[in-house]
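Q: Modelling step: build the complete structure from the supplied sequences, incorporating the hints.
These are the residues of each chain, in order.
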Amino acid sequence: MSSNAPWWSSEDVWRKLAIWVTAAMAVILVFLTFDTVSQIVAGGERVPGYDVINQRVYYRHDDERGFQVPVIGDEAPLFGEILTATEAEALVTHGKLLVQSKNCMNCHTLLGNGAYYAPDLTKAWLDPGWAAESVREQVMVSFLTDPGGNARTYGTNRRMPNLDLSEDDARAIIAFLKWMSTIDTNGFPAGFTPIRQEGDQ
Amino acid sequence: MSTIGILDSSNLNSGQKVAVKYFTVAMVLFLAQCIFGLLAGFQFIVPGFLYEVLDFSVNRMVHINAMIVWMLFGFIGSVYWLVEDESGTTLVGAKLANLNFWVLTLAVTVVVLVYLIVQTGSGDKFSIWFINEGREYIEAPRWADIGIVLCVLIFFYNVAATFMKGKWSGISGVLVLDLVALAGLYVAGMFFTPNVSLDQHWWWWVIHLWVEATWEVLVGCVMAWGLIKTLGARRKVVTTWLYIEVALMFGSGILGLGHHYFWIGTPEYWFTIGGFFSALEPIPLVAMVVHAVYDAGRHGFQSSNHPALAWLIAHAFGNFFGAGVWGFMHTLPQINLYTHGTQWTASHGHLAFFGAYATIIIAVIYIAQQKWRGNVWMSESLAGAWRWKWALALTHIGVIGMTVALLIAGYEQSFIERAIGGSTWGGYFAAQVHPWFVSSMHWRMLFGVVTTLGVLVLLWDLAVIGKGEVRSAKKITPLEHFASGDAVAPA
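Just so you know, the protein sequences line up as chains G and Y, in that order.
Counting along the first sequence from 1, when you hit position 112 you're at 112 in our numbering, and nothing is skipped either side.
Counting along the second sequence from 1, when you hit position 305 you're at 305 in our numbering, and nothing is skipped either side.
Rather than coming from a laboratory, the hints here were simulated on the basis of the structure.
Accuracy of the hints is not assured; some may be wrong.
One-sided excerpt, in silico: chain Y residues whose CB lies under 10 Å from chain G [to be verified]:
id	residue
1	F56
2	N59
3	A247
4	W270
5	F271
6	Y338
7	T345
8	G410
9	S423
Bear in mind the structure is a predicted one, so any value in this text is a computation, not a measurement.
Idealized CB from N, CA, C, for every residue including glycine.
A: The structure is reproduced here in structure tokens:
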């Protein structure tokens with residue numbers, strides 16, 4: 001190292017800086033992770049408990065935050081049956097296991113992550129494509145149990161393959177989708193037009 | 001005594017003998033990635049193609065998994081390639097490294113066969129453990145996760161112990177610490193939860209902190225070593241650059257994780273943190289471009305291995321444009337709200353993975369082929385040089401073409417599906433049938449074919465480059481200006 005080289009060009013300075021910067025960022029990330037995880041556990045501030053599937057879910061504009069947010073409404077049990085917290089968790093868990101083992105994420109997106117061959121599932125429960133609130137559950141079950149026969153391709157000819165889902169499997173997936181629609185996703189997807197539901201203003 | 005122009009394993013040290021095995025499997029998987037990408041791309045155009053035989057979900061899963069695994073094999077191979085050279089001693093566990101290679105390769109084969117034959121499972125833990133975990137990029141079932149971690153730990157032991165036995169350098173110090181993080185982070189993805197927010201929160205620890213942090217630093221180490229090897233660049237200067245890159249990469253990339261936390265249920269403060277730090281992520285990539293091009297220019301583009309240097313420079317630009325520019329374009333939450341989950345991401349993914357990672361692994365494989373053939377001549381007037389040039393050109397034209405086609409599709413989705421269609425399923429499909437989207441998918445297919453042709457030429461070239469050549473590798477002498485020991489300017 002020649003004597004006229006500026007201090008900031010030395011290997012030693014940058015080695016120390018690399019170590020300190022990395023350590024500092026890692027520590028900040030750990031602190032933020034504790035806070036974030038506490039808010040996104042089921043039943044936390046931003047992610048409702050699984051028994052929320054017993055209630056109606058709306059997606060409404062929040063003027064203060066400037067985007068749409070899920071709003072939990074009155075009682076509206078899924079498939080007409082009120083579930084305990086434990087039963088609801090078991091049903092959603094079964095649904096999530098199915099979503100993973102059927103590899104849904106390599107065609108669809110969940111919370112916007114996955115593949116782009118089929119629509120996003122984040123607000124699938126609230127999608128107007130299910131015709132009307134009164135028939136939504138049945139239409140969803142029919143579609144999931146026989147996606148070829150009840151194909152909804154909207155002119156693309158892309159059909160969901162038959163995934164050997166029983167009616168119970170379909171109900172579990174629907175429970176998972178209903179629960180997922182209640183997550184506060186900071187307004188994603190934007191400008192979404194939900195299905196018309198009882199109690200809409 | 002080495003034999004010039006003939007593939008002879010006696011030209012290689014024990015680490016390098018293992019490395020070429022990893023490189024061979026990596027290149028086979030690279031071709032598999034292309035083939036399954038073509039199948040998936042074709043299904044966008046003809047959706048009935050292989051319906052309920054090899055569905056899009058299967059092809060796409062194999063496409064992205066083959067990529068992740070061939071890149072991991074390429075990285076492991078690269079480290080085994082340089083470990084003896086860099087440590088100045090022999091690999092401590094050559095037999096262990098060989099055994100590890102065969103176990104890992106066998107495991108990957110079983111996982112892929114299960115993906116292709118069994119495809120999906122019933123909704124229970126058995127499926128997660130033995131068939132398919134169903135989480136993008138880390139679909140490998142849990143048994144394979146555990147196997148991967150064990151194999152990486154054995155690899156880590158071999159590398160760290162070799163450096164401990166020999167000598168440490170700036171490059172090896174960064175490399176070993178980076179490997180600890182790389183192996184440790186994978187564990188963050190090895191659990192099941194019904195809570196999709198929590199699931200994706202930890203899933204990004206693996207995906208982001210691998211791809212946008214630890215992998216970047218790992219290729220920084222390989223780049224530093226590669227510049228010393230191909231250009232004779234001075235170690236002190238290269239090492240200083242490496243530290244600068246580590247500071248900038250981890251300084252921006254660790255909290256840059258926040259740009260995946262805008263929409264998955266995580267708190268609003270990630271808008272600011274993720275937006276700010278991820279916007280800084282291109283800076284170290286600019287530094288890498290400056291570094292590589294300045295080095296090459298200072299040496300008058302004289303090099304001992306032309307194809308390797310070309311791919312190293314391609315890496316510097318590809319990393320900057322693919323990861324840096326294409327990432328920055330949609331990293332701020334205000335625009336990401338409309339681009340997240342559209343073909344924008346696919347556009348970024350194609351250019352970034354190719355530009356940042358495929359290129360540099362290919363560069364190291366060229367360095368490997370050179371030595372495997374007895375440190376053969378690979379500079380100007382090399383017989384059959386058209387092959388590496390065509391491989392370089394076709395793969396780049398192909399990937400850039402796919403990137404632009406997907407970007408146009410992404411723009412179209414942002415407008416028609418998101419802004420106008422209100423992000424409903426109706427909006428999604430309205431965007432999918434729009435002529436702009438449909439024509440983009442056709443162009444993507446065409447450029448996918450071009451890419452695959454390029455990869456075929458590349459594999460052909462890698463198999464034969466230097467064959468029959470009788471000259472020894474060109475000797476690169478350090479420039480006089482920098483021979484005095486000054487480290488002020490990058491050289």
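Q: Does each hint fit the structure? Answer for all of them.
A: Outcome of the hint check:
With a cut of 10 Å, the hint placing F56 (chain Y) at the interface with chain G holds, because the nearest CB-to-CB distance is about 5 Å. Checking N59 (chain Y) against chain G by beta carbon gives a least distance of about 9 Å; that is within 10 Å, so the hint holds. Against a cut-off of 10 Å between C-beta atoms, the interface hint on A247 (chain Y) holds, since the closest Cβ of chain G lies about 4 Å away. For the restraint placing W270 (chain Y) at the interface with chain G, the shortest Cβ-Cβ distance is roughly 8 Å, inside the 10 Å limit, so the hint holds.
The beta carbon of F271 (chain Y) comes within 7 Å of a beta carbon in chain G, closer than 10 Å, and the hint placing it at the interface holds. A hinted interface residue such as Y338 (chain Y) counts as satisfied when its beta carbon comes closer than 10 Å to some beta carbon of chain G; here the least separation is about 7 Å, so the hint holds. At a threshold of 10 Å, the smallest CB-CB gap from T345 (chain Y) to chain G is about 8 Å, leaving the interface hint in force. Against a cut-off of 10 Å between C-beta atoms, the interface hint on G410 (chain Y) holds, since the closest Cβ of chain G lies about 9 Å away.
For S423 (chain Y), the suggested interface contact is upheld, since its CB lies about 3 Å from the closest CB of chain G, less than 10 Å.
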